[in-house]
Amino acid sequence: MSGIATMSRRGFIKAAAIVTGYTIVGLRFAGSAIASVGGYVGLRQQSVYEADAKVYKIRKSQDNPMVQKLYNHEKGFLHDGPCGHMSHRLLHTHYVERGAAVEALKAKGVALKL
Amino acid sequence: MREIEGVFYQSNAPKGVDPANVYFVQVDATKCEACGTCDEVCPTGVIQAINDDGIRQVVNPAACVNCGQCLVNCPFGAIYEGVSYVDEIFEKLRDPDTIVISMPAPAVRYGLGECFGNPTGAYVGGKMHAALKALGFDYVWDNEFTADVTIMEEGTELIQRVQEQGKPNARPLPQFTSCCPGWVKFVESFYPDLLPNVSSCKSPIGMLGPLAKTYGAHEVHVEGKKIYTVSIMPCIAKKFEGLRPEMCDSGFRDIDATIDTRELAYMIKAAGINFNELPDVQPDPVLGMSTGAATIFGNSGGVMEAALRLAYEVLSGQKLANPDIKVVRTHEGINTADVEVPNFGTVKVAVASGLQNAAKLCEEVRAGKSPYHFIEIMTCPGGCVNGGGQPIDPSLRASLFQNAVARITKRYAHRTA
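Residue numbers (my numbering), protein chains in the order written: chain A, 1 to 114; chain B, 1 to 417.
Among these hints, one or two may not hold up.
[Unchecked claim] Derived CB-CB ranges, DEER-like:
no. : chain 1 : residue 1 : chain 2 : residue 2 : range
1   : A       : ILE18     : B       : ARG2      : 37 to 43 Å
2   : A       : LYS57     : B       : LYS326    : 16 to 22 Å
3   : B       : LYS31     : A       : ALA107    : 45 to 51 Å
4   : B       : GLY54     : A       : ARG9      : 27 to 33 Å
5   : B       : GLY54     : A       : GLU97     : 30 to 36 Å
6   : B       : LYS319    : A       : LYS75     : 21 to 27 Å
7   : A       : GLU50     : B       : ASP52     : 24 to 30 Å
Simulated from the structure, these hints should not be mistaken for lab results. Glycine included, C-beta positions come from ideal geometry on N, C-alpha and C.
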């Protein structure tokens, strides 16, 4: 192991470049770690709760006059209420079994996280 | 390829295809620097190294839930979107015979402003509605309206499930939310045995599409077949959802096009609209009016809180004096809570942010050990405000210098290896 004083020029440049590179990569990881904890996601979330409390005059779905109009027992488009016949036709769904596609992928040797 | 708010998009507007075969996100191998950030954030592990240099690709669409967390976290801007309806929407807006309807999601109004220099998270709902009118949308309807409708449907379904327990053919508990298209594809693919636990409710946009072409068409006296519905989302996975073959209950395609927050910003800029000077405008009310319960859908824990604001009143027969149910608000990870409801008892709930956390709750349900009534799942950490279709984190976009340095170090590492 040669000391810094006896190091060749080429060796010094190589060592310095590695040190600089890792410092910058380290700073980048530190920066992204900070961003993910509080950061922009937290700011956007906070803004949502502020609007809920201050911008929106009504805060419960069941109190929305246009929701009440939609479900009106006499004249409403969904007059048989939530989860009624028309709701089930338009607003509810069924799901697709996709397990086989994932199993086929694993059988081909593709490693997944789960 | 077109660059939109720092992200590249293929101008590909598929129709009538099975979205299970579409790559909604993919890595541009010429820009990938093999750093592996995408591996870390991918919930399924489908984005992986394809050669010894460590260049990443989404290796198969079957295991991709289209969340785009790889895209918004890539330090090199190397991940692009495979689908963009922007050109088609501009065409429809110019066509006098087509009634074009806007359907923006809650979280869009907490991200869009960032593309116009506003502070991170700034609420720009009023300007967003004004911009949609200025773009020429015939009716500015709002997906927040059907977020309220979703609460009515999904809350009612939950109460029904609770009351069914012990009876023959009872639907199982816990009930999982079904708003998040990344989560829905995830559970269909990795936990299909739990599908009976997933709420049968479509997502808010899954509800607004068919309502627009039936109820909405009736309300504004136009034919459903003339309506072109544009879903505007903080999300890439919503492009998959809009293309699901079963989404045609209105008698037409329920959702004709899906774009994300970045693409809406692009359209506003392309049309020469001065966003920040716009007045605050309300949406057209009949399918546009909404509540605070709807806007919080954009946060992890928001659907849960909104549903509890309804369930509390229905189960207890009493008014909920303070609608804030802060105990379920979730920034990251798994959050559980016992909510005491008079005349009923304890409602046990869980909120998972991120699919790695969702998988833990799924394992509990599979083992028959889940104590909860209701579980909310959001694919993106923090919820839709951090969706894959939202503006890229400003500090990531500012990291061009870091990227350049990292490229140099990588080249150096290759030469000395």
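Tested hints:
1. Between A:ILE18 and B:ARG2 the C-beta distance comes to about 39 Å, which sits within the given range of 37 to 43 Å.
2. Hint check: A:LYS57 to B:LYS326, Cβ distance near 20 Å, so the stated range 16 to 22 Å holds.
3. A hinted range of 45 to 51 Å for the beta carbons of B:LYS31 and A:ALA107 is inconsistent with their spacing of about 32 Å.
4. Restraint check, B:GLY54 to A:ARG9: a C-beta distance of roughly 31 Å satisfies the suggested window 27 to 33 Å.
5. Between B:GLY54 and A:GLU97 the beta carbon distance is about 34 Å. The supplied range of 30 to 36 Å therefore holds.
6. Checked against the hint of 21 to 27 Å, the C-beta distance between B:LYS319 and A:LYS75 comes to roughly 26 Å, which is consistent with it.
7. Take A:GLU50 and B:ASP52: their Cβ atoms lie about 50 Å apart, and the range 24 to 30 Å is violated.
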